[in-house]
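Could you put the whole structure together from the sequences, leaning on the hints where they help?
Top to bottom, those sequences are chains V and H. By the numbering used here, the letter at position 185 of the first sequence is numbered 207, and the numbering carries on one by one without gaps. By the numbering used here, the letter at position 304 of the second sequence is numbered 305, and the numbering carries on one by one without gaps.
Keep in mind that a hint or two might mislead.
Taking lysine-lysine pairs in the DSS-like style, the calculated list, with each CA pair at most 25 Å apart, reads [claimed, not checked]:
| id | chain 1 | residue 1 | chain 2 | residue 2 |
| --- | --- | --- | --- | --- |
| 1 | H | LYS340 | H | LYS328 |
| 2 | H | LYS340 | V | LYS34 |
| 3 | V | LYS34 | H | LYS328 |
It is worth saying that the hints were derived from the structure and are not from the lab.
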Amino acid sequence: MNCHDVDRVLSKGAPLPLPVEEHARSCNRCQQLLRTLNAPAPLDMPSPVALRKIAESLTDNLRPVRPLAPARYFAGAFIGIFVSVVTLTVYRLGAFAIAVMTPLQTAAILSTLAISTGLLVYSLVSQMAPGSRHRFSPALLAAGITISVGIVMAVLFQVQQEENFWGNAWICIRAGTLVGVLAAVPFWLVLRRGAVLSLPMTGAAAGLLSGLAGTSMLEMHCPNLNAWHILLSHLGVAILCALAGLAIGLTAEMRGRRSIHGSSPV
Amino acid sequence: MAILFNGSHRTLKSEAGENGPLYLIEDIISVDWVKTYKPSHRASAITAGFLAFRLKKYSSSRRTRSTLPVPSHLAARVCRRNPPQGHIEHPGFPADFMLNRLEAKSPTNSDSGLSLEWNIQGQQQYRVMMSNIPVRFAKEMFPRGVTPRGAAANEPQMESCLQENIVSRPSFADLDRWMERYQQADPEAPSALVGALSPALLGFFRSQVASREQADDLLQETWLRIHRVRHSYRPGEPVLPWIYAIARRVRVDGYRRSRRVTLHETAMESLPERPAPAEARNRVPSFETLVAALPDAQREVVTMLKVGGLTLEEVARATSSTVGAVKQKAHRAYERLRKLLPVEAEETAKGAAQ
Numbered sequence: 023m024n025c026h027d028v029d030r031v032l033s034k035g036a037p038l039p040l041p042v043e044e045h046a047r048s049c050n051r052c053q054q055l056l057r058t059l060n061a062p063a064p065l066d067m068p069s070p071v072a073l074r075k076i077a078e079s080l081t082d083n084l085r086p087v088r089p090l091a092p093a094r095y096f097a098g099a100f101i102g103i104f105v106s107v108v109t110l111t112v113y114r115l116g117a118f119a120i121a122v123m124t125p126l127q128t129a130a131i132l133s134t135l136a137i138s139t140g141l142l143v144y145s146l147v148s149q150m151a152p153g154s155r156h157r158f159s160p161a162l163l164a165a166g167i168t169i170s171v172g173i174v175m176a177v178l179f180q181v182q183q184e185e186n187f188w189g190n191a192w193i194c195i196r197a198g199t200l201v202g203v204l205a206a207v208p209f210w211l212v213l214r215r216g217a218v219l220s221l222p223m224t225g226a227a228a229g230l231l232s233g234l235a236g237t238s239m240l241e242m243h244c245p246n247l248n249a250w251h252i253l254l255s256h257l258g259v260a261i262l263c264a265l266a267g268l269a270i271g272l273t274a275e276m277r278g279r280r281s282i283h284g285s286s287p288v
Numbered sequence: 002m003a004i005l006f007n008g009s010h011r012t013l014k015s016e017a018g019e020n021g022p023l024y025l026i027e028d029i030i031s032v033d034w035v036k037t038y039k040p041s042h043r044a045s046a047i048t049a050g051f052l053a054f055r056l057k058k059y060s061s062s063r064r065t066r067s068t069l070p071v072p073s074h075l076a077a078r079v080c081r082r083n084p085p086q087g088h089i090e091h092p093g094f095p096a097d098f099m100l101n102r103l104e105a106k107s108p109t110n111s112d113s114g115l116s117l118e119w120n121i122q123g124q125q126q127y128r129v130m131m132s133n134i135p136v137r138f139a140k141e142m143f144p145r146g147v148t149p150r151g152a153a154a155n156e157p158q159m160e161s162c163l164q165e166n167i168v169s170r171p172s173f174a175d176l177d178r179w180m181e182r183y184q185q186a187d188p189e190a191p192s193a194l195v196g197a198l199s200p201a202l203l204g205f206f207r208s209q210v211a212s213r214e215q216a217d218d219l220l221q222e223t224w225l226r227i228h229r230v231r232h233s234y235r236p237g238e239p240v241l242p243w244i245y246a247i248a249r250r251v252r253v254d255g256y257r258r259s260r261r262v263t264l265h266e267t268a269m270e271s272l273p274e275r276p277a278p279a280e281a282r283n284r285v286p287s288f289e290t291l292v293a294a295l296p297d298a299q300r301e302v303v304t305m306l307k308v309g310g311l312t313l314e315e316v317a318r319a320t321s322s323t324v325g326a327v328k329q330k331a332h333r334a335y336e337r338l339r340k341l342l343p344v345e346a347e348e349t350a351k352g353a354a355q
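Here is the structure:
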């Protein structure tokens, strides 16, 4: 039992086991650390006048509000929008890719997109209510999903010779981005019902989800199985939309900060 | 018993009890007693610091081998529910004890005090009266008044406080109910919430920003935002992570704003140096001093755990991260704090030698 173990136990927030406790008794550093951490927290009392003013200002503007609906409703809304947009556009444009992909490719790519969508929806719903539980860090999740989908695409599809590569890529990027924008509008309408704290983060996640709608549509519609084409123009749509969401979030946050700075305090 | 509080009490009364001698001790809160436990604390710190006991928690079947820091008022409520056994880590306080009851007398006058009963080694029964507790501290411990004798105080959060150690939150029991009433526009709810949460929030901001003025501003802004997004609280969910997530965001925005303002400011003249705080002169490694040296993310986690009294799960929710990430940050923070401590200790030794 050493000092490192004491740190480990402390960081778990668990009571100290006896060996750790015995070590702490014999180790000056641990003893001092424990005493410092266990001393009653210094409380700086706010001025009663200030508190009364805050409370009064809150009471003045008090109106009943309806609490946020349960997370499953929002998750349902996001998934419903996603599926509707993808289904409608694929129905309209045709599911040519399904016909040329092997069943393994179809199953693998659609499963990956479905799992990614589910995880993003969960993350977005968590971000709508402050203090919600996050099983994955939102920033890492967005990056992880992009990388994972990219890896799956690179593994499933092979590099092929392709004429007019950039022309084909542009067509797919344009169509996918349009679908992404189509999905982004209802996503935004759902998101604004919650209280998003980090606009850039949520913007990026919502953008990625919209982009995945575009990617999913392209994966079912575009019969081009060249790996470079898929990575650049299909996954590129998701990345493009995520970056657009991030940029919109950053802009909105900066504008919001300016308006808060200009407003009078409570 | 008198030896235990040598020189630390003014009067000692002995009465006969059913299970042995019964002692009534008055004014045991004293510099001597406190100094032995925390040698370098100032007298003013006694009021806040030294009613905290270190208990060893026992389960009914076997010893759980755990040491928990439990503030006395928390201990009181826990003891009523499930009396723990333990010992006070004090050189002159040798015996294991069973803390049976701890209750307050009137907290509104200067004679406010706590009385507690315990069995020392299960053989004798003592009653210790602590008096002259400052009104401010008594109010802090019992914000809704005195717990009546024999009243049940089985508040569920007390056990979780024990498990997660550190901070008591006596007034946090009904926060979720107050939040619901706040959403329903109950005019009493804002003042109840502001009163219950502001001290901890201010402590959170104080440990993150330099000045009291900034912390006050951030506190106001936090309540403004809480008011704006109060609909986003879901009844039944824990309130503290919701509050701290908003407070954390306000702090980040405040930091960015102040940085932008600072960049556009030009220093006209150098300000006189701030006098060193008393604790720095005394070289006491206080929590605030130590935590100030931590990186932002680690300081935030440690402050929420220590000042806010949040659990690991609640900190994870408030910081939009996972429990694992919070544990990792806390672990690194403790490692870093440990590295800082010997320096402080050496300085203390040097100071003492001088």
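Checked hints:
1. The hinted pair formed by LYS340/H and LYS328/H meets the criterion: a straight-line CA distance of about 18 Å does not exceed 25 Å.
2. About 20 Å separates the Cα atoms of LYS340/H and LYS34/V, which keeps this hinted pair within 25 Å; it holds.
3. The suggested pairing of LYS34/V with LYS328/H holds, with an alpha-carbon distance near 6 Å, which does not exceed 25 Å.
Of the numbered hints listed earlier, not one is contradicted by the structure.
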